[in-house]
Each structure stands twice: as structure tokens, then as C-alpha cells.
Amino acid sequence: MRIAVNARFLLSGKLEGIGWYSFEVLRRMTKEHPEHEFIFIFDRTYSEEFIFGSNVIPVVLQPPARHPILWYIWFEWRLPALLKKLDVDMFLSLDGYCSLRSTTPQYLVMHDLAYLHYPKQIKFAARHFYKYFVPKYLNKASHVFAVSNATKQDIIRHITLNSAHVSVAYNGCRDSFVPIDEDQKQKIRDDYTGGRDYFLFVGAMHPRKNVDQLIRAFDHFKQKDKTSHKLVLVGRMAWYSEKISEAYESSRYKSDIIFCDYMATETLVKITGAATAAICPSFLEGFGVPIAEALFCDVPVIVSDRFSLPEVGGPGAYLINPDEYISISEAMSQVIHDPLLEKRIEQGRIHRKQFSWDQTAELIFYRMMQDFSCSRSIF
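Numbering (my numbering), first residue to last: 1 to 379.
This list has only true hints and no planted wrong ones.
Here are the simulated DSS-like pairs of lysine-lysine, each with C-alpha atoms no more than 30 Å apart in a straight line:
1) K353 to K31
2) K224 to K243
3) K131 to K84
4) K14 to K31
5) K243 to K131
6) K140 to K84
7) K31 to K140
8) K353 to K270
9) K31 to K84
10) K270 to K226
11) K136 to K85
12) K353 to K185
13) K14 to K353
14) K120 to K243
15) K254 to K187
16) K243 to K14
17) K123 to K140
18) K187 to K226
19) K270 to K14
20) K254 to K226
21) K243 to K270
22) K343 to K185
In short, the hints are calculated from the structure, not lab data.
Start from the sequences, fold in the hints, and give me the full structure.
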């Protein structure tokens, strides 16, 4: 069988959320099913690191699709012609886009519907593209995979799809995220925070992530608890970040707030593993990968009570109201004083077992094969 794959987000040295999802799922899928042919469709020069086996055939389809006009050209004109020429049996798209003009069966992974909930935080052209095309993509798809049950319910509620048309295919966690020993923790603290304990945020810093509120919460926590804790913020400064800059400049404890750019995985594992707690005060997350990574490192998690985050954080998570900085501050205090902290960590160990790339890759593949077998039996 020939499976075409949207590989646009497999970018060497630039893997983020969708890129990592694509990498982990496709690496496993191609390895576990060598009898099938996978045609990876890139929109620019690709790296050999993404050609996972002899059953992977790379194709570059121009133009590089990185803004709405080129998305339209790529998916509605260039892609349908290529799929027809290659005579593939199906098309798997892990970034939620597909082709309305193609007759090839298409399978989508949908990460969130942020454009519906926070439209003003998305640039004008992209916002209108999503508003018009995403509902059509979801209805066009043979099947949709949502990265959390929260995302699935959001799709069903806003796009009015039948529940049977959408399955949950969780993110997993990279194998390198494991607990680290106390010596490693101390070295990380020495290297990054002058030996001090710290709370950790990981993610792109744009309004939906609520980093400005986290900074205000940290100020309140420091003033109230009189601790030496630091706040480490890891990630790129994204669009509309003025509120973050303002909160930082207004902070009484700015010397205890440390900004770091994206890190190599090896370093991020250690930064995560040495944290007092990982915090995600976001208003909306389709999944919340840094929280799963913290769980796999045996690190407590403080998460917003919104959308998918309680689902990912699990029963051991400290839930906060992202609209109230005092709620975040109180959770930080609770972590450092909690006599039941170890119990919460153990709850995280149990909860994290459902976040498996092996399970997700097989779930997606099995569903595609099931549909393919049914279609063959009909004809």
C-alpha cells in the first residue's frame, strides 16, 4: 500500500509541537510497517534524518507553503495533482490541513481550534484562512484524530462532526524525558539559577500562554513566601508579547526571572527534571507537551483548569484559575509546603502511561488500515 504523508513540519533543528508529533509518529509507523510504502511530501529541501527507512520515499513539492496564499496553492493545486500522479491509496496530514480538490482518502491530526477562541491573537490573513478552510477540511477528511479529548469535544461542538468521525490520538513524550538524580539537579541549578530552586515554564511566549500573569503570580509568591526561588522561562518570544515585557519590567523580582531561548533536548530534559514544579497557566492548549514531559521526569505540575490541561496534568496536578494571578501564586506556595507531594508525583507516574508514541502511531495506522480494508471489500 502507498501512503502519502504531509511532511512540511519535519524541519531539521526546528522541530516544535507539530514537528515533534510528526517525527515521533512517522518514525514508528514506518519502522513497524516496512511492507508499506510511505511517500513523504516536503515543501522544501529535506534532511536525510527524516528518511526513516528504505520504505520512505521523499518528494519535494514547491512552493514552500508558509503563508495563506501559498497554503492554498500547495494544498488545492499542487498537492491534488501529485497525489493523482503518485497513485497513492491515502494521504496522512499531521498538521490539520488537507486538499478539498483531491479524491484521495485523507486523514487529519487536529491539534486545536485556537483560531475560534482567540482570533485576535492570530494574524488577519491566517485567521480568515482558518475560519473558512478548517471546517471544510474536517468535514472532507475520512477520519480526524484529535490530540486530546478536549480538542475532540471542541471539534464536535463547533464543527458539528459526528463523534465517531473523531478519535483521540494523544501526544507522547520523547524517550529522553526521565527523572534525573540529585547531583544532576544541583548542577543545573548551579549553572542556571545560582544554585537556587526554581519554577519552570516552557513554551512560545504569546498571549494565549498567559506568561504575563505568571510573572505577576511569581511576584506575589515571592513577597508572600519570602523564598529564594527563581522563575525560569524557556521559549522564543512570539507575537504580541508586549504584555510579557511590561509585566517583567514592573516586577519587583526581575533579577529572579530568567529567560532562556529554546534548548537542545538533552538540556531541556535536565532543566525540566531539576524544577520544583512545571507551570502551564495557558488559556488554551490542544495538549500541553511540557506538562507531559514534566510528568515523565517526576516533576509536579501546576496547570490551568482550562481545556486539555486538567486532562493532561491528571489527578496529581495543582489546578489554577488562569485569570487570577493569586490562584497561580497559591499553587506555587502549595507545592513547596505540600506534605502529600510524593503522592501527587506517584499519581503522575500512573497517569502518564497513556501518553505513548507507540500507542498513538499504531492507533492512527490501524484506523487507516481498517478503512482501507473496508473500502476494498466493498469494491
